[in-house]
Structure formats: structure tokens, C-alpha cells
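To convert a position in the sequence shown, counted from 1, into our numbering, add 319.
Since the hints were made in silico from the structure, they are not lab data.
Just so it is clear, the structure is predicted and the values come from calculations on it, not from any experiment.
None of the hints are false.
Below, simulated DSBU-like cross-link-like pairs (lysine-lysine); rule was C-alpha separation at most 30 Å, straight line:
{"hint": "1", "residue 1": "Lys333", "residue 2": "Lys369"}
{"hint": "2", "residue 1": "Lys397", "residue 2": "Lys381"}
{"hint": "3", "residue 1": "Lys367", "residue 2": "Lys397"}
{"hint": "4", "residue 1": "Lys333", "residue 2": "Lys367"}
{"hint": "5", "residue 1": "Lys390", "residue 2": "Lys367"}
Cβ-Cβ distance ranges computed for the label pairs, FRET-style:
{"hint": "6", "residue 1": "Thr344", "residue 2": "Glu403", "range": "17 to 23 Å"}
{"hint": "7", "residue 1": "Glu383", "residue 2": "Glu403", "range": "28 to 34 Å"}
{"hint": "8", "residue 1": "Leu382", "residue 2": "Gln345", "range": "21 to 27 Å"}
{"hint": "9", "residue 1": "Ser368", "residue 2": "Lys390", "range": "30 to 36 Å"}
{"hint": "10", "residue 1": "Gly394", "residue 2": "Thr341", "range": "18 to 24 Å"}
{"hint": "11", "residue 1": "Pro366", "residue 2": "Gly394", "range": "16 to 22 Å"}
Here a beta-carbon is modelled for each residue, glycine too, at the ideal position from N, C-alpha and C.
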Amino acid sequence: MAAPAEGEQAQGHKLFVGGLPTDVTQEELQMVFQTYGQLEHVHMMPPKSKSGLRCAFVLYTKLESAEDAIKVLDGVYKIREDAEAPIQVRWPREQRNDWGGGDWGKGDKGGKGDWGKG
Numbered sequence: 320m321a322a323p324a325e326g327e328q329a330q331g332h333k334l335f336v337g338g339l340p341t342d343v344t345q346e347e348l349q350m351v352f353q354t355y356g357q358l359e360h361v362h363m364m365p366p367k368s369k370s371g372l373r374c375a376f377v378l379y380t381k382l383e384s385a386e387d388a389i390k391v392l393d394g395v396y397k398i399r400e401d402a403e404a405p406i407q408v409r410w411p412r413e414q415r416n417d418w419g420g421g422d423w424g425k426g427d428k429g430g431k432g433d434w435g436k437g
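Build out the structure end to end from the sequences listed, making use of the hints.
This is the structure we're talking about:
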């Protein structure tokens, strides 16, 4: 998997971690991810009620640490022995708007006041 563009690296070496159980703790994630290098921060997202899973973001001080974590953990490591599936570890997607991405209201694709214009 390709590393983020240089401009993104200036914000830190952030990884998305998905497929986590809802009751996973920040300490559990720190124990797993600090194996690959020094962590700056671990941010836990609230669990999604429909999927029953949770995600987090892990921020490393060094790019090499983040790359190592992806290589070793992504799609292979189970956070717990009884976990149904391995976790996903990857570079985060670009920031998306509240609608989940797309080009809503951007450019010449319409917007306020354009309804019904042909």
C-alpha cells in the first residue's frame, strides 16, 4: 500500500485501524501498536451500532513505524483470540464531508437555486 503524499506526512503518520470490537480499550491498542514504534496519539472513535464494530486512528512519530504496522498487522492480526476477523490497518482516506464523499454542490454540478433548471 502506498504511503500518503508528502503534504499529508507533515500532519503526522496517521493510520486507520478498523474492525475493532466495541469494547476494545485505548490501552490494548497502544500495547499492540507501540511494538512498531513510538506513538504520538491513539484516537478511539465511537462504535457503529449497525456493524457492532469500532475504529481508531493511530499516530506514529516515524513513517517507518507506520509502514511496519501496516505490513505486519493489516488483514492478519486479531486484536483478541476470540475476534471473528483480523483488524484492518491502512493509511486513512482523504477527509470526506458529512455526506460520505462525492461532489455534492461543488463546481458546476448544481447547488442552491439550480433545482429545475435545464
